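Given the sequences, and given the hints that come with them, work out the whole structure.
First to last, the sequence lines map onto chains A and B. Our numbering runs 34 ahead of the 1-based position in the first sequence. Our numbering runs 34 ahead of the 1-based position in the second sequence.
If you are wondering where the hints come from, they were derived from the structure by calculation, not from laboratory data. The model shown is predicted, which means the values in this text are computed figures rather than measured ones. Honestly, I wouldn't trust all of these hints.
Beta-carbon label-pair distances, calculated as ranges [said to hold, decoys possible]:
| id | chain 1 | residue 1 | chain 2 | residue 2 | range |
| --- | --- | --- | --- | --- | --- |
| 1 | B | 35 | A | 352 | 51 to 57 angstroms |
| 2 | B | 306 | A | 203 | 32 to 38 angstroms |
| 3 | A | 223 | B | 579 | 58 to 64 angstroms |
| 4 | A | 203 | B | 462 | 45 to 51 angstroms |
Heads up, the beta-carbon is just placed ideally off N, CA and C, and yes, glycines get one too.
Here's the letter readout for the chains.
There are 2 protein chains.
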Amino acid sequence: MSIKVADYLFTRLRQLGIQTVFGVPGDYNLRLLDFVEPSGLQWVGTCNELNGAYAADGYARINGLSALITTFGVGELSAINGIAGAYAEKAPVIHIVGTPERALQDNRTLVHHTLADGGDYGRFGAMASHVTVARADLRDPSLVPDQIDSVLRQALVHSRPVYLQVPDDVVDALVDTSNLATPITIPQTPAPANQPTVLDRVTERMYAAKRPLILVDGDIRPMGIVKEVDELIRLTNWPTWTNPFGKGLVNESLDNVYGIYHASFGDAAWKDYFTSADLAIVLGPHYTTTNSLAFTTLPSQDVSILLSPSTVQIGKDTYRDISRDFLRQLISRLDAPQIPKTTGPPKLPITTIDSLPPSDPITQEHFWNVVNPLVQPNDLVLAETGTSAHGTRHFTLPPNTPYFTAVTWLSIGYMLPATLGATIAHKQLNKTSKPSRGILFVGDGSLQMSVQELSTMIREKLNLVIIVVNNDGYTIERAIHGRKQRYNDIAPWRHALAMSFFGAEEEHARENYLVARTWGELEKVLVDKRITEGDGIRVVEVYMEKEDVQGILLSLLNKQIAAEQ
Amino acid sequence: MSIKVADYLFTRLRQLGIQTVFGVPGDYNLRLLDFVEPSGLQWVGTCNELNGAYAADGYARINGLSALITTFGVGELSAINGIAGAYAEKAPVIHIVGTPERALQDNRTLVHHTLADGGDYGRFGAMASHVTVARADLRDPSLVPDQIDSVLRQALVHSRPVYLQVPDDVVDALVDTSNLATPITIPQTPAPANQPTVLDRVTERMYAAKRPLILVDGDIRPMGIVKEVDELIRLTNWPTWTNPFGKGLVNESLDNVYGIYHASFGDAAWKDYFTSADLAIVLGPHYTTTNSLAFTTLPSQDVSILLSPSTVQIGKDTYRDISRDFLRQLISRLDAPQIPKTTGPPKLPITTIDSLPPSDPITQEHFWNVVNPLVQPNDLVLAETGTSAHGTRHFTLPPNTPYFTAVTWLSIGYMLPATLGATIAHKQLNKTSKPSRGILFVGDGSLQMSVQELSTMIREKLNLVIIVVNNDGYTIERAIHGRKQRYNDIAPWRHALAMSFFGAEEEHARENYLVARTWGELEKVLVDKRITEGDGIRVVEVYMEKEDVQGILLSLLNKQIAAEQ
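Okay, structure coming up:
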């Protein structure tokens with residue numbers, strides 16, 4: 035039994051739950067693209083490859099896996115920053131690159147999309163090796179099925195991008211089908227001999243705790259333990275916080291879930307509980323400066339038990355090759371009556387819009403509390419790097435509300451295209467009767483990086499509210515350095531025209547642009563039927579002052595102002 | 035005498051004739067950016083880093099050298115495809131990357147913009163090594179002046195990109211100023227002992243030729259011999275053609291200059307002369323498939339004398355380490371009376387607009403001839419990859435009219451931002467009393483890749499006519515493969531709104547959008563005062579059929595149609 039290489043590859047993608055492929059056509063991938071839609075996959079062409087990579091990243095974070103197709107050289111290098119971000123933040127994107135036919139490569143022919151310096155066809159793969167966990171160049175049909183399977187399996191295990199090169203003349207080469215009968219799964223390894231000891235140590239520490247807490251971080255998504263984490267939170271009823279990377283992965287409507295722990299957000303009671311805890315169960319830690327306020331919002335190692343991919347760390351002791359179902363085993367083993375009860379601090383007060391003077395300008399200080407009720411159960415919420423990501427950390431999310439921001443790669447321009455991908459995945463996975471809806475918060479500076487993908491959102495008829503925070507440039511950079519410098523300015527755009535320029539139906543575009551400069555105007559927007567019940571793309575432009583920041587950004591800004599005195 | 039590292043670097047850039055620096059602010063380059071404008075350099079922030087790299091490439095092709103500043107990781111990787119293109123087509127871009135301070139690097143701290151996988155700070159430099167000819171990480175102030183000088187010298191010699199990493203805490207470190215007294219120049223090496231022999235061989239072959247020709251290619255720009263080539267063309271009066279990469283570097287108003295030699299453009303008389311030539315002096319060869327119709331439009335090796343950087347090839351014999359002034363020496367040595375006279379073929383007929391039915395739709399076949407008179411002496415002409423680059427190959431350019439297209443890297447989306455950079459350089463170098471003007475031809479598909487840079491053009495008040503060829507998608511890809519495939523479609527945009535959306539003054543935006551669907555409408559546009567005498571950005575939307583192609587693209591399309599029968 036035989037099958038063409040492209041059909042083999044796309045069958046594997048479908049088996050793994052991918053329904054949509056992103057990318058851009060190019061001279062060396064056109065034959066490959068011929069196979070996409072006949073295989074049952076949806077093709078979503080993006081305006082450029084970087085945006086395509088961002089979209090694939092967003093799709094992967096919601097769907098668990100995604101695919102991007104670009105062309106040799108120009109296409110793949112345009113995408114590589116997006117692949118790097120997917121690597122840093124563990125979004126498994128399968129990057130498939132159409133390459134010149136083998137004869138051209140073997141002859142070192144100076145074709146277009148090479149560097150015109152000797153016919154070296156290996157450079158782009160070498161560059162990709164820094165930002166992918168596995169690679170294969172599909173040159174020999176006899177090896178292709180195993181190559182594809184091996185690479186895809188590594189994407190699943192590491193939850194990071196992989197890279198496949200498909201020469202133009204291999205696309206329709208025949209390969210054996212037999213592998214296809216066996217689905218690609220994450221290999222289950224036997225638990226190491228010491229695993230019961232590790233489980234014992236953890237349960238003993240849990241039973242003995244007086245002031246325990248749970249800290250959820252973003253690696254629980256790639257570890258595939260989101261459900262188990264929810265069970266642990268409910269079972270223990272312990273005070274639970276998240277890092278920014280973990281937000282959106284826990285049910286914040288539970289009484290014991292507090293949202294993001296972050297000194298400058300919390301009050302004295304939070305800080306007191308957190309810093310005096312005698313046990314912190316840390317699930318899926320992703321300890322980078324930006325995910326932990328420069329490591330200041332993490333529990334101390336002495337009291338921490340960290341559950342990472344295949345690793346458990348108890349204080350200073352590290353146990354490796356722990357089985358993937360460790361948390362499931364822990365939960366089964368826990369004896370509920372022995373779990374200590376504790377009382378967490380009170381939750382933070384919330385500002386409501388009716389407490390704010392209607393004619394006052396909108397400020398960062400209260401905006402995020404006030405706009406929070408816009409988010410309804412089953413919405414998908416996304417926030418771009420900058421004041422939007424910082425601001426939405428204050429949200430309390432309803433149940434079943436996926437949310438993510440960038441936390442470490444922080445490439446601005448990422449979130450609009452990531453929203454394209456995430457919204458498509460969210461819609462495909464929607465099991466409720468309610469139409470799925472995305473809500474994106476994005477600043478005017480970031481928007482300029484990747485704005486054209488709005489046209490793809492329009493073409494794909496997404497159901498999406500886009501809140502553009504217009505604060506006249508790169509406010510987050512102004513807070514960090516150069517608050518008055520011209521390099522943090524951007525050209526002013528007329529956002530009211532965005533949808534119409536990018537091809538939306540004229541009447542829809544006109545009717546679905548809203549603007550708010552004051553609390554009163556914002557209040558009207560929040561109850562406007564176009565927002566609460568409308569569909570298609572809605573754009574809400576919210577004006578704020580260009581030096582209006584909060585939290586860590588405000589302290590950085592104040593440091594600058596003090597230095598100027 | 036001491037100077038801060040940033041001041042040293044920017045002083046060197048100014049000494050080398052750079053007046054403008056492109057880039058995007060980011061957390062690790064803000065301190066560096068503080069020094070840009072005080073040093074006397076102009077800062078032009080672009081909407082994203084890839085566009086910034088393209089702009090720097092365009093500036094370098096006109097100015098001879100350019101600089102781009104990005105931030106560690108996210109910024110530099112976004113730009114890397116543009117750097118690769120500059121490498122392939124020899125645009126010397128100095129890519130300056132602001133990196134985290136040395137302490138963070140040395141401690142392998144997991145800061146943002148790293149890959150969160152162990153604090154490896156070397157990955158991005160390793161990636162850059164594939165697309166740059168020299169690199170330095172400015173970690174030690176005692177070495178910095180020599181490092182900078184060495185790297186910049188290599189950019190000049192190779193005319194390819196280089197890469198400088200500036201840690202955030204080195205920006206204002208003090209270094210010795212003494213190097214600055216000596217300008218950085220291209221080192222003059224002594225001519226090799228055999229150079230006189232090589233000169234003799236070339237002159238003998240020239241004196242003996244019966245049917246000689248000159249073929250000019252694009253490497254004469256990086257070789258710095260554009261002026262000498264012009265002299266040789268005038269001195270010999272021999273029939274002269276160019277490859278696409280050489281167009282714009284020769285004076286096409288001379289009687290003996292024919293434009294691009296290309297079988298499908300030329301008629302029998304051109305082909306007959308070209309293929310029966312007994313001597314072809316090839317200046318600055320760049321022999322890639324796309325620059326030579328898959329090597330079919332090149333003279334045979336037997337009759338060729340190739341003058342490349344530091345190399346002369348006569349037939350099968352290659353002479354290396356030839357001095358940079360070889361062509362100058364050759365010209366001095368040539369004895370005019372001994373240079374054979376020859377008669378070239380007639381030039382090609384030109385279609386004029388009055389010969390076309392005014393109500394007929396505009397077609398690729400005649401459009402380029404008809405629009406050619408729009409180009410005036412001292413204009414800068416640019417054409418994006420696709421039908422625009424192919425079409426403008428038919429142009430006859432007036433004297434002193436710089437022109438370029440991509441010829442090998444061919445990354446679509448390149449040309450609009452490259453035009454931003456090129457137009458700024460062209461204006462800075464303008465020595466005429468006429469305001470400099472750019473004319474860009476760009477397709478609707480390419481435009482979507484990098485459209486936001488239009489806002490930078492507006493902000494920078496460029497004088498520019500942008501002809502948008504609207505043929506409903508990726509027509510060049512349709513010609514190559516998949517002419518009816520949905521993946522070659524794009525979302526339809528309302529180009530009439532582009533300027534207004536991107537922040538142009540309302541009245542200007544409204545008044546300076548023109549549209550043509552027929553020859554009659556086009557004729558009106560070509561004489562419209564807004565185009566011939568206006569200023570600022572003008573957008574002309576020209577509609578053509580989506581499968582309307584010419585030349586090699588038409589034969590590819592016809593091959594597809596035949597295969598479908």
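Structure-based check of all given hints:
Here the CB-CB span from residue 35 of chain B to residue 352 of chain A is close to 53 angstroms, well matched to the stated 51 to 57 angstroms. In this structure, residue 306 of chain B and residue 203 of chain A meet the distance hint of 32 to 38 angstroms, their C-beta atoms being roughly 36 angstroms apart. The given range of 58 to 64 angstroms is respected by residue 223 of chain A and residue 579 of chain B, whose C-beta atoms sit roughly 60 angstroms from each other. Judged by the Cβ atoms, the range 45 to 51 angstroms given for residue 203 of chain A and residue 462 of chain B holds: they are separated by roughly 47 angstroms.
Comparing the model with each numbered hint stated earlier shows that all of them hold.
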